[in-house]
Amino acid sequence: MTCLTSLLATWRCTLQGRLSKALAIAWAVFCYLVEPDAAFIAVMVLVALDFITKLTAISVRRGGLIGAIANGDISSKTAFTGTCVKLVAYFSLGILAVQVRYVALSETAAILSKTVIYGFLFMVEAISILENIVETGLDNLTPVLNRLKEQHPNKKTNL
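Note that our numbering has the sequence shown beginning at -3, numbered continuously upward.
Be a bit skeptical, because a hint or two may be false.
[Claimed, not checked] Listed below are the simulated DSS-like cross-link pairs for lysine-lysine, each with C-alpha atoms no more than 27 Å apart in a straight line:
1) Lys50 to Lys145
2) Lys73 to Lys50
3) Lys50 to Lys17
4) Lys82 to Lys145
Hint data in this document are derived by calculation from the structure and do not stem from the laboratory.
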């Protein structure tokens, strides 16, 4: 019991510091701007899965994780820079989706904008995850990937 009480006392002292106040303010601002709901969390989970499947695909191509790191295919600069850029873009879109409520003064418009934006981001991440899985050698998913790419809004059509 004494170990637990000393741990709790240490935690209490830490939480009373400036860092905890800064984190609390940052979290409050984040929640105000993005209003994280289930759709936002689902997109962030897919971003994490995309990152993991990309590392796996690179590792499979290079004969393992150590080989990929040794060849320089996996480096903190390339892997984390791309993910950070993606997160900043997704957070910005999340902020725009939520702030529609204050511009349009309509809850319906806010729900519609969040649904459209998060649905699009969800599909982009799902396609990226499937591409990474196919890259690892699971060719059974290629027809599913091709079908999703056919219906993707970025498809060029001849008019």
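Results for each hint:
1. Only pairs whose Cα atoms come within 27 Å are accepted, and Lys50 paired with Lys145 is accepted, the gap being roughly 18 Å.
2. Restraint check for Lys73 and Lys50: the C-alpha separation of about 15 Å stays at or below 27 Å, so the hint holds.
3. About 36 Å separates the Cα atoms of Lys50 and Lys17, which puts this hinted pair outside 27 Å; it is violated.
4. Under the criterion of a C-alpha separation no larger than 27 Å, the hint pairing Lys82 with Lys145 is consistent with the structure, at around 20 Å.
Violated hints amount to a single one, hint 3; each of the other numbered hints is respected by the structure.
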